[in-house]
Amino acid sequence: MRLHPFGLVEPESLSEALDAVTRLDGEARLVAGGTALVPMIRLGLVKPDRLVSLQRVPVLAEIRKDGPALELGAMATHADIERSRAVRDGWPLLREAVRRVATPAIRTSGTIGGNLAYAEAASDPAPALMCHDAEVRVAGPHGGRTVPISRFFRGFYEAALEPGEIVTAVRVPPPPVGARGGYIKFTSRSAEDKPLVGVAALITLDSSGRCTDIRIALGGAAPTPIRAAAAERTVRGEALTDAVARAAAEAAARDAEPLSDLMGSAEYRREMIRVWVRRLLTALRDGTR
Amino acid sequence: MNLAFTLNGRPCATQAPDHWTVLDLLRDGLSLMGTKYGCGEGVCGTCTVLADGRPIRACLVLAAHVRGRALVTVEGLESDERLDPLQTAFAERGAAQCGFCTPGIMLAAKALLLENPAPTEHEVREALSGNLCRCTGYTKIVEAVLAAAPGTR
Chain A
1 MRLHPFGLVE PESLSEALDA VTRLDGEARL VAGGTALVPM IRLGLVKPDR LVSLQRVPVL
61 AEIRKDGPAL ELGAMATHAD IERSRAVRDG WPLLREAVRR VATPAIRTSG TIGGNLAYAE
121 AASDPAPALM CHDAEVRVAG PHGGRTVPIS RFFRGFYEAA LEPGEIVTAV RVPPPPVGAR
181 GGYIKFTSRS AEDKPLVGVA ALITLDSSGR CTDIRIALGG AAPTPIRAAA AERTVRGEAL
241 TDAVARAAAE AAARDAEPLS DLMGSAEYRR EMIRVWVRRL LTALRDGTR
Chain B
1 MNLAFTLNGR PCATQAPDHW TVLDLLRDGL SLMGTKYGCG EGVCGTCTVL ADGRPIRACL
61 VLAAHVRGRA LVTVEGLESD ERLDPLQTAF AERGAAQCGF CTPGIMLAAK ALLLENPAPT
121 EHEVREALSG NLCRCTGYTK IVEAVLAAAP GTR
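As they're listed, the protein sequences go chains A and B. So for the first sequence, this note's numbering puts the first residue at 1; every next one is plus one. So for the second sequence, this note's numbering puts the first residue at 1; every next one is plus one.
Check before you lean on any hint, since a few could be wrong.
Stated by the list, open to error - For lysine to aspartate or glutamate, the following DMTMM-like pairs were computed, each having C-alpha atoms within a straight-line distance of at most 25 Å:
| # | chain 1 | residue 1 | chain 2 | residue 2 |
| --- | --- | --- | --- | --- |
| 1 | B | 140 | B | 121 |
| 2 | A | 194 | B | 84 |
| 3 | A | 65 | A | 19 |
| 4 | A | 194 | B | 18 |
| 5 | A | 47 | B | 80 |
| 6 | A | 194 | A | 213 |
| 7 | A | 194 | B | 121 |
| 8 | A | 194 | B | 28 |
| 9 | A | 194 | A | 82 |
| 10 | A | 47 | B | 28 |
| 11 | A | 47 | A | 82 |
| 12 | B | 140 | B | 123 |
| 13 | A | 47 | B | 41 |
| 14 | B | 140 | A | 192 |
| 15 | B | 140 | A | 96 |
| 16 | A | 65 | A | 82 |
FYI, nobody ran anything at the bench for these hints, they're computed from the structure.
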């Protein structure tokens with residue numbers, strides 16, 4: 001079965017790409033790896049007249065250190081990020097999350113910029129990036145801007161991108177010194193599925209076991225990826241006892257606004273948030289993951 | 001559009017409509033029928049081929065996006081009329097039943113062995129996590145991949 005026909009534009013620089021998306025003849029869509037867009041075209045959910053491919057814009061695929069931060073070009077694939085030396089050495093939570101995206105062949109093609117622009121609630125990398133307070137770099141017809149990832153997801157499959165704007169990079173600050181991180185992906189059907197619920201956390205404990213810094217973010221828990229702010233408040237400044245972990249998990253479940261879909265009901269999702277936030281926090285405390 | 005890439009070790013220059021995927025190009029443009037059309041959405045894995053040694057879904061990747069890359073399909077696994085060790089292991093161990101998933105599974109396994117010549121059983125299962133087989137239950141497939149691994153043979 002063929003895709004609904006479209007014309008393909010293959011710009012070789014960012015400015016050419018910006019020109020190509022803002023030209024007004026018919027509907028244009030940006031395509032990076034195509035792992036999300038091609039199935040949508042196949043299923044008839046979108047019928048673009050024109051695709052603007054970012055594959056030949058060279059700077060977009062770079063992964064590099066920039067001072068203390070990691071700069072991921074938007075076209076860096078999950079497989080590239082997984083294999084990056086810099087990521088392996090300094091951003092283990094991010095590495096753990098991208099390794100859980102779908103299957104090896106999807107990770108070869110799927111990109112970090114595409115994943116974020118798709119703005120799906122059940123993204124694997126998004127919660128890890130939220131824990132790192134990452135920033136999304138965006139280029140548009142009127143210049144560039146930087147959007148904190150906490151404000152990048154505007155709604156269900158809706159990113160804070162204006163027409164004609166392109167995600168160019170993601171800037172990822174390092175984890176706090178001494179922080180422990182982990183990502184738990186709970187799937188209800190098969191291991192390579194999207195997460196029913198994904199929980200990422202970065203936690204820093206002082207020598208007495210008191211929590212000095214905590215970031216918890218959730219996928220599949222609301223119409224967009226979210227930070228679990230109430231859960232963080234429950235843990236921050238406290239010794240991470242079983243009771244505190246349980247209270248944090250309760251707070252995360254209470255704050256969540258899960259949706260029902262084929263993977264599970266909203267009620268089941270809320271229950272799984274309760275379970276997996278608690279398990280991740282105690283596992284990070286005990287050093288068992 | 002014009003396309004030039006390497007296909008199973010040989011240069012290939014051809015043309016394709018803008019909206020073709022790699023799978024359209026292989027099957028309809030180049031008459032290589034070893035790569036199968038399964039779900040068309042990247043889920044089942046039977047259209048898996050290699051691009052620069054890594055597995056891709058031929059049904060999801062636009063043909064334009066393999067320009068300049070080295071593609072390997074199931075037709076390119078054998079060399080000089082000798083089967084790849086994976087093909088031999090699959091045949092000897094009966095690791096195929098209906099065979100529809102087999103080309104994709106062999107290419108996914110090939111990608112693993114190129115990067116990791118001595119995988120554990122868990123690593124094999126992880127590498128094949130995107131390839132559905134509805135006949136076998138996977139046991140013989142996993143055994144065949146382990147048997148073909150150059151680091152453990």
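Just to be careful, I want the Cα atoms of residue 47(A) and residue 80(B) compared with a cutoff of 25 Å; is the pair within it? Violated. Residue 47(A) to residue 80(B) sits at ~45 Å, over the 25 Å cutoff.
Going straight from one Cα to the other, do residue 47(A) and residue 41(B) come out at no more than 25 Å? 16 Å, holds
Hinted pair residue 140(B) and residue 121(B), Cα distance within 25 Å: 12 Å, holds
Hint consistency between residue 194(A) and residue 28(B) [alpha-carbon to alpha-carbon, up to 25 Å]: 32 Å, violated
If you draw a straight line from the CA of residue 47(A) to the CA of residue 82(A), is it 25 Å or shorter? 33 Å, violated
Against the 25 Å threshold, does the CA-CA distance of residue 194(A) and residue 18(B) hold or violate the hint? The given pair, whose Cα atoms are some 30 Å apart, is violated under the 25 Å limit.
Given the proposed pairing of residue 140(B) with residue 192(A), does the C-alpha separation stay at or below 25 Å? 21 Å, holds
Straight-line alpha-carbon gap residue 140(B) to residue 123(B), limit 25 Å: It holds: about 15 Å lies between the C-alpha atoms, which stays within 25 Å.
Would you check the hint for residue 47(A) and residue 28(B), treating anything up to 25 Å between C-alpha atoms as holding? 23 Å, holds
Keeping to a limit of 25 Å between CA atoms, is the pair of residue 65(A) and residue 82(A) held or broken? 15 Å, holds
Does residue 19(A) lie within 25 Å of residue 65(A) when you go C-alpha to C-alpha? Judged against 25 Å, a Cα distance of about 29 Å means the pair is violated.
For a C-alpha distance cap of 25 Å, please report whether residue 140(B) and residue 96(A) respect it. The given pair, whose Cα atoms are some 29 Å apart, is violated under the 25 Å limit.
In this structure, the earlier hints numbered 2, 3, 4, 5, 6, 8, 11, 15 are contradicted, and the remaining ones agree with it.
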